[in-house]
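Please build the complex by placing chains A, U and C on the supplied structure of chain R, with the hints as guidance.
Protein chains in written order, with our numbering: chain R, 838 to 1199; chain A, 838 to 1199; chain U, 838 to 1199; chain C, 838 to 1199.
If you are wondering where the hints come from, they were derived from the structure by calculation, not from laboratory data. There may be inaccurate statements among the hints.
Same chains, same label: a pair holds when it works inside one copy or across any pair of copies.
The calculated DSBU-like cross-link candidates involving lysine-lysine, where the alpha carbons are at most 30 angstroms apart (straight line), are [what the hints assert, rightly or not]:
# : residue 1 : residue 2
1 : K984      : K1197
2 : K1096     : K984
3 : K1040     : K1096
Please read all numbers here as calculations on a predicted model, not as lab measurements.
Number of protein chains: 4
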Amino acid sequence: MKNTFGNTISVTIFGESHGPSIGCVVDGLPAGLPVDTAVIDRYLEMRRPQGAISTARREPDPYVIESGVRDGHTTGTPVCIRIPNEDTRSADYEKMASIARPSHADYAAFVRYNGANDTRGGGHFSGRITAAVVAAGALLMPALRAKGVLIGTHIAEIAGITDRNLGCGEELTCDLELLAGLDFAVLDADAGMHMQEAIMAAKADADSVGGILETAVTGLPAGIGEPFFDSVEGLLSHALFAIPGIKGIEFGAGFGLAKMRGSEANDPFRYAGGRVVTTSNNAGGINGGLTNGMPILFRCAVRPTPTIGREQETVNFRENTETTLAASGRHDPCIVHRVRAVVDAMTAIVAADLLAQAGKLQ
Amino acid sequence: MKNTFGNTISVTIFGESHGPSIGCVVDGLPAGLPVDTAVIDRYLEMRRPQGAISTARREPDPYVIESGVRDGHTTGTPVCIRIPNEDTRSADYEKMASIARPSHADYAAFVRYNGANDTRGGGHFSGRITAAVVAAGALLMPALRAKGVLIGTHIAEIAGITDRNLGCGEELTCDLELLAGLDFAVLDADAGMHMQEAIMAAKADADSVGGILETAVTGLPAGIGEPFFDSVEGLLSHALFAIPGIKGIEFGAGFGLAKMRGSEANDPFRYAGGRVVTTSNNAGGINGGLTNGMPILFRCAVRPTPTIGREQETVNFRENTETTLAASGRHDPCIVHRVRAVVDAMTAIVAADLLAQAGKLQ
Amino acid sequence: MKNTFGNTISVTIFGESHGPSIGCVVDGLPAGLPVDTAVIDRYLEMRRPQGAISTARREPDPYVIESGVRDGHTTGTPVCIRIPNEDTRSADYEKMASIARPSHADYAAFVRYNGANDTRGGGHFSGRITAAVVAAGALLMPALRAKGVLIGTHIAEIAGITDRNLGCGEELTCDLELLAGLDFAVLDADAGMHMQEAIMAAKADADSVGGILETAVTGLPAGIGEPFFDSVEGLLSHALFAIPGIKGIEFGAGFGLAKMRGSEANDPFRYAGGRVVTTSNNAGGINGGLTNGMPILFRCAVRPTPTIGREQETVNFRENTETTLAASGRHDPCIVHRVRAVVDAMTAIVAADLLAQAGKLQ
Amino acid sequence: MKNTFGNTISVTIFGESHGPSIGCVVDGLPAGLPVDTAVIDRYLEMRRPQGAISTARREPDPYVIESGVRDGHTTGTPVCIRIPNEDTRSADYEKMASIARPSHADYAAFVRYNGANDTRGGGHFSGRITAAVVAAGALLMPALRAKGVLIGTHIAEIAGITDRNLGCGEELTCDLELLAGLDFAVLDADAGMHMQEAIMAAKADADSVGGILETAVTGLPAGIGEPFFDSVEGLLSHALFAIPGIKGIEFGAGFGLAKMRGSEANDPFRYAGGRVVTTSNNAGGINGGLTNGMPILFRCAVRPTPTIGREQETVNFRENTETTLAASGRHDPCIVHRVRAVVDAMTAIVAADLLAQAGKLQ
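Chain R with its partners taken away, still in its complex shape (with noise of 0.2 angstroms):
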């Protein structure tokens, strides 16, 4: 369905970076669950630029309510959440119009579009987009915390440089709340110096880095998910995929699952304070395509920002000729720990939707 996600509880997005507003309508929603507007201010801080890591563009993001919401509690009809755009430098972008930016999406919607979409900015294309996810994502996360699901992501890589790793059981749900709280989001200060470091770094050579965000979420209830289709990797990876910038996810031990032997790839399942649970966890909470009651866990790639000061070759594709471009608006040396909050807050529709289609979310 293009720009909505979701079975039970879906999500339409809306906008573009230049235009009026982005936003989101979310459907679905049981009556009663608590908003609360706190929360999506956080997430939205967390997703935007932060001082000299990131772009210098401010995007104060003041959103409306529009419907759906009464009293701090969702009305059970639709919410639209709209986000004005302000401080939009067209002119910046203008001029690249007929020029393909590499490893945009420039050059693929000219064709798609017949050259009719809306360019500036990188239009329906652009990262601003996601804060409209970001907000909807937001949205959902006290009714989440309200059933005992927490999720938290952190930055387990960036051009190199690693985090540690998330903790197991009790010391998983301290890192999850620790992350909460992290506008930088390392579970490792130390790390995340040399990691900030390293973005300084790119940006001196006008250039950019990529990494590796680790998400976890707790307290689903074993059995929610559908067998085929709508596995849990299925539908989280479909929504994932829709952030800009992420080409690789993998759940558990993902990749790593093929170098090892089934003995070692099983996780054995025993009883632990009456529940069934897994002495390992390298299928990420996933068994068949349904939740196992294991936290789950996957990783997901982010490339460097293809927005680059550096020249590099390419197209005007509306005059067919090759040209150089090199990129002189604002833009981002890194994007890892913005997406961080995109991821969260997907991951919260995917969840939700979930815990909805299990009739476990009123």
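Here is chains A, U and C on its own, set in the frame of chain R:
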């Protein structure tokens, strides 16, 4: 939509491992597309267990096209392909109905279905169901080929042993044609022999091995797909994670992008033969969720078969006791080479849907 | 979704009149619902041609449940029911493949499918396909009954001859039980006799007659449905217009409301037996798209069978010539009494979906 | 999908009567379609209350196109149209939040949403929401007109007073052009005067009246639609029953077919001007769910406004008591003439979707 997938062309899957039949309904096909039962036969054969490296269960797959095809062409109404189940030895499985096979869906399904699901042979969670996917995908292959679209998958890695890389340009086309004729799909025959030795070694140890499949799709025009939720990555990953055993997917350079700088990762555009191409293909042919005219490239991580002869710790979820389990029924020490046909087929389903959405499959 | 309908519970239809099989896939069913093949048998029998007033084509409908049911209960995974086609005399139809039968889909389908559709016996447009709908609906009847939901349809009118009205309250329940046992579903046996005489008279004239079916659904709780597009009226009408020959639908007083004043049309609320009821039911049990706890009431207009023995003017759409046509094959002088089973079944599909969406079918 | 409708082109509705805004998101539009704000203005004006025969509530509808349109053309990405709410007097409604207005959704919604819905002015159930539908439909009108598709609705009947019938052939086109310019859409001005007198008489009695709207769509090519669930009748009725107050729909001769014989009801085919036409149009331009190239004709029954000044018996559903109610707020003695714009708009949405599905809206 649970067991249905696709926008313009949708595929619905049904069946259980030991029920009367499994099958699929493919809806939304344009009328008049060529259908070739020899192609369906061939893909079902590629998925079938082969020789010593596979399970001894014979799966002859004598399918019936129940509707939607006449005189070698689609009629434009739903195509149902049904594959009767044969040679099912329920006795092998019945005794396990309450003992969770580690990393299988037994426990999660027990919770999901309140114990009412068909547990024989894994029921609807069985890899057997993928034969219906293979039939659906193979149904679409001639129509895709008629539009210049080729799909092929090779075994990039099994048990740490790697195949050579797919070629570029003309060589890629040759590689895809080569793969179509192979039952064990490796480009480097020596590597293939070593992989099969590793499989036999695992079998001798009552264990199993995993691997990585790499897929290429050539001939898709630029501008196919949608910018947000229905990105090419999103649709492919959603469909591919339906295949039992797949736990990771990466497009183009995928997780490798995390370590690159933007200047390395970006794919510069240029003109070749009058059309826009990129000099590298780190994006796997996809920019902003849309095809850019380059080959689609992706890799899937396939876990080692969870069913192994070794004794494993687990639980009896009906009796709430801990126990051990060693598989005695027939099982595969490796499914990577068989999953390859399923990946090809699932890719065909998504590629056909993408083309149809763009009005380019007629 | 073309041949798929439903939100939580979806039904996919496949098949052509003279192909190997027709059938359906019902997905999204909770596990453990009771299934009774005697009920499926009975509904298929109600749809089957009966005696002199129907076509001579025998349709024994020996269906197979291919998946999703075990030991008299749903397993929670897709249920495929397949009905092989038998006794198909293509010769009756082959010669008409390019002559448009008036008020049939032949010409429209020729354009829609570029002439590639299966035209034998109407192909996918044949009333034969409704046997699959009947099977799907009858599959759901025991589960609905277990939740207190009863569905029944009577022939309100054929050829201008009217049945008595459905009763209210307890009497409605009696009427629905009475109808369940009838093959020609009239409450007033005399009216039924006159209707059958009118059908025979039309047959003697090589002509056909139409009528009106009235349906009641009791036992649905208040608050089921959705306010906007997925109103109870919207879902029922969408599904019911799939039945060949239905050209009108009205809920409650329907078109009669157009002549009333608000003070007559409004249904006052009061309490009875501790629950909210209305003293009239002009709204047919639906307010603002939601059930209000009163019986759902609607009427469907069924056109006279378009296939008649009389000579009619028409065109040969392959030769672009005008011509005449008189049907010589087997055909029904009236389908109203047979469509009744299809309306019951389609209503069951929608009612089950509505209950399931509200989490009330488990 | 609750508040979303459509296959290729989908419309999502949001908003509540007294919330900040109502609106819609239209997705799946081809890029480059012409958009004309004057057309949107005009349709919103047609829906707006007019003079003495309508409510005194002023609804100026100063909408904002938030996305998806640039320089008078669609960009190919979602179009959000937002209409801020103004002039809302909640006090009129607040006191009724627990007293069910007869034939309104208050009680059903109370049950559906556990009392958490926004009840002010009917909330999401308000006819106010249809302004968003009108905007969405009017957005599509210029693109439909560019393809030769005209849509128009006249008031066939109010309070038993009937308009003259729509003409055939050329005259139908003239009638549709005539209707476009009218605020009170009758073909016979005298009949219109009598209708307005009947409305005023009902108002004087603190009562309301209903009626019938008749709609024609010309210019749709033959072969549009789908044979089974996505029949033209099914899609139109599903969408139209979303409009508050519509309780019946019939296509072509509709319920009148029930009294005809097949020889009268059938529409003979012939050639005229080189194309296939029918000499009558009892099928309303639809055979087997597909367009046959003739005008689509249908009639909608509109109930009298349930809000009336007369005292009615009802219940207080929070206090479980019986009570009486007489509306004191602003309300319409008749909505038939206003609903006409909503029917036109909803028809445009379905027609555009049908054309787009067939690849004919580009």
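For each hint, the structure was consulted:
Taking the shortest Cα distances, K984 and K1197 sit within 30 angstroms of each other both inside one copy (8 angstroms) and across copies (21 angstroms). In this homomeric assembly, K1096 and K984 never come within 30 angstroms of each other (Cα to Cα): the closest approach is 37 angstroms inside a single copy and 37 angstroms across copies. Proximity of K1040 to K1096 under the C-alpha cut-off of 30 angstroms is restricted to the inter-copy arrangement: shortest distance 15 angstroms between copies versus 36 angstroms within a copy.
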